[in-house]
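Undergrad: The primary structure of each chain is shown beneath.
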Amino acid sequence: MLDVQNLSIVFGGLKAVSDFNLTINEKEIVGLIGPNGAGKTTVFNMLTGVYTPTEGTISYLGEKIQGLKPYNITKKKIARTFQNIRLFSNLTVLDNVKVSFNYRINYSLFDSIFRTPKFRKTEAEIIEKSVELLKVFSLDTKKYELASNLPYGEQRKLEIVRALAAEPSLLLLDEPAAGMNPQETVELMELINWIKDKFHISILLIEHDMKLVMGICDKIAVLDYGKKIAEGTPEEIKNNPKVIEAYLGEEA
Amino acid sequence: MEFLQQLINGLALGSVYALLALGYTMVYGIIQLINFAHGEIYMIGAFAGFYSASTLKLPLIPTLLVAMAVSALAGIIIEKVAYKPLRNSPRIALLITAIGVSLFLQNAMRLLVGSNPKPFPDLINAGSINIGSIQIEVKTILMFGVSALLVILLQFIVYKTKVGKAMRASSQDMEAASLMGINVDNTISLTFAIGSALAGIAGVLVAISYPSITPYMGAMPGLKAFVAAVLGGIGSIPGALVGGIAIGLLETFSKAYISTNFSDAIVFAILIIILLIKPAGLLGKKISVKV
Amino acid sequence: MKNFFNKKTITIILGVLITYAVLFGLISANVINSYYKGIITFSLINIILAVSLNLIVGFTGQLCLGHAGFMSIGAYVSALISQKAGMPFVVSIFIGAIVACIFAALIGYPTLKLTGDYFAITTLAFGEIIRIIIMNINVVGGARGFTGIPIKTTFTVAFVFMVISIIVIKNVINSSQGRAMLSVRENEIAAESMGINAFKYKMMAFVIAAFFAGLAGGLYAHYAGYIKPDSFDFNKSIDYLTFVVFGGMGSLSGSVIAATVLTFLPELLRGMGDFRMVIYPLALILLMIFRPEGLLGDKEVSLNIIKNILPDKKSKDRKEA
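Order-wise, the sequence lines are chains A, B and C.
According to this note's numbering, the first sequence is numbered sequentially starting from 1.
According to this note's numbering, the second sequence is numbered sequentially starting from 1001.
According to this note's numbering, the third sequence is numbered sequentially starting from 2001.
Just so you know, these hints were derived from the structure itself, not from any lab.
Treat the hints with care, since some could be wrong.
In silico DSS-like cross-links for lysine-lysine, where the CA-CA straight-line distance does not exceed 25 Å [unchecked claim]:
1. C:K2299 to A:K142
2. A:K143 to C:K2008
3. A:K69 to C:K2152
4. A:K227 to A:K198
5. A:K135 to A:K198
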């Protein structure tokens, strides 16, 4: 589905990511791990069009998508969440979700101004679908709350809901378990698996929580200083000496 | 030879813009604020000089010092009262406040001193020098000379002193600087003080040459000096110098060879062009946002 | 149409009609004399300016310092067309609005990709450039101004256009396009990642705002009969910004209230003419420091009070509009 080849990016003289390769298949959960500063979010940013790679290609469903603007990547059915929550704070929970329907809306400004039947019908559909999605994540009771008023855990959930509302076939999660306690992490693991099954999507996730990564990923890629140093199943990665060295430093 | 005459005029005007642009660039470098009120500090300097020269009858150097001190003080007060409370507010709030301060100062001054232009005493009664068919007023040479001196002094302060290092560190990363023991608040105040002092001197220098001052004298020069700062690369001290001279020359030649009516519009058009082609300016650096 | 005539909408329509009727009655009976009629008309025009500026500043989060520039384009174009081409008043002001729109598109296209501060400065620069250029066009009177514009903006005309402006802008905001604009304001990077072309929606807001500014300019020209470039300078742009900030960036009803109050205030306090120029900027500063959300923040005036007073007309439909 997703095929990344020789991806590299240079920032002012520093090669943040070099020669990164990865393939993601249908209904796969892939983990991207590595020490802080390894370049994981940078890879995400290249996949989602926030940055343009200096070298390499990204193919999705056969199409080259590197260098496309973020909103065009979303149209190709790739959606993401952010490491530092980027919700629309002063909008309601419901509105946060509704925004993701935008790129698929078929009514024009004229329809909005004159409140045509097309407008009303589409708006009603959007509300219905958004509420349904929120219900699935038990957030529908708070649909008129301001996003900034939600507790941290629910804000993270809302980020995921918002991304799912864009109906992606590939979902990128950037440290979804950040700040969660062990119990919440277990729930998150179940949630991610469930999302994969219910929505038939592949997931690429960045995480530091090893239990989560080892627990749900079909395969894992490890980055260190911008280079991929290992790739394999959780079992393989767990015992890979290079990976251990990257995280813990060289053996004394 | 007309060309050379205009060249001299342009350089002189440019040195004034350079002094003002330095203030903009230093403040923007450290707190990413376009200090709209900077032009008014220049005006305050001119008025302080006025009262010092005509009421207190002080000669040139003390007048310059008074103007410097008053402007620096004004800059510090404005920062503490209007900008500091908003340090963590959205950018739009800061911009609106800066505009508010600028308009407030203009009109408050007008209420205080009236809108009639005030004649500035000629403190440098030294006539002019003739080189060939060009006539250069001593005042013009002074303007240029003092500006050049101040820029050199500024470079020294910023790059060779401890406080300068503090300023540079705070511009790069305020949080890290404060963690390293730098008193960021004081550093910011100092930045404002220095920038404002330069503006104040520019105010007096200009007042001596174009001998009348009004409460609104800072508005246009302020805007144009901002254009100069952007042209040179906002945040870059050498850039402010380059930009200032460039705009001074541009304005002078526009007035002389194109049209007086449109010279202002041309300066603004330059701003737009720069922002569209090379927003970092001639000597500035491109900053990327971390996502 | 089932949801259209719910209680909330009926209340608003009634409120608007009653307000109009009362004011019109008082004016016709000369209880409100022509001086105050003028101020009321003027404040209606200012409301249009405030709500349109709010669209780009408050709802889309892009600070614009050149609103008066678009107003002047609308004013001058419509005045020219009225006077020289003798077209009907409504046609002239529409053409004026459209020309303002076109300029906004031309100006916005290269500049809206700039970050907030720089965009604001370019709007200031363009406002000044427009003013300087008009000052040098002799056909429209240059610095001396354009006289002899037919006086066609009556209270009714201004009222109708004000209502239309508010309805249009409100409808834009409560739509997917409006949500896109809000998302750009809230978090542009996240918005782009959710499929929103931020540039497109900034342009949309900017152009719509310019349209209504141009419209207001046309109305103003045919209200005053005389316009000059200085009627549309940077200070005016700041006046309109003050309306928006004071009323609340993101609140249409706030803009309505602020524009009305801040139009009446300087007239009522005529003696304070000079002080106004000191107090308004001071108010801006104090607002930003102590109450940046202005009067109503991003909320609208709640009609709950009125709903509870009026008898239940349509009890079957209780859904929010």
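Undergrad: Compare the structure with each hint and give your call.
TA: Going through the hints against the structure:
no. : hint              : verdict
1   : C:K2299 to A:K142 : holds (19 Å)
2   : A:K143 to C:K2008 : holds (21 Å)
3   : A:K69 to C:K2152  : violated (49 Å)
4   : A:K227 to A:K198  : violated (34 Å)
5   : A:K135 to A:K198  : holds (14 Å)
The structure shown violates the earlier hints numbered 3 and 4.
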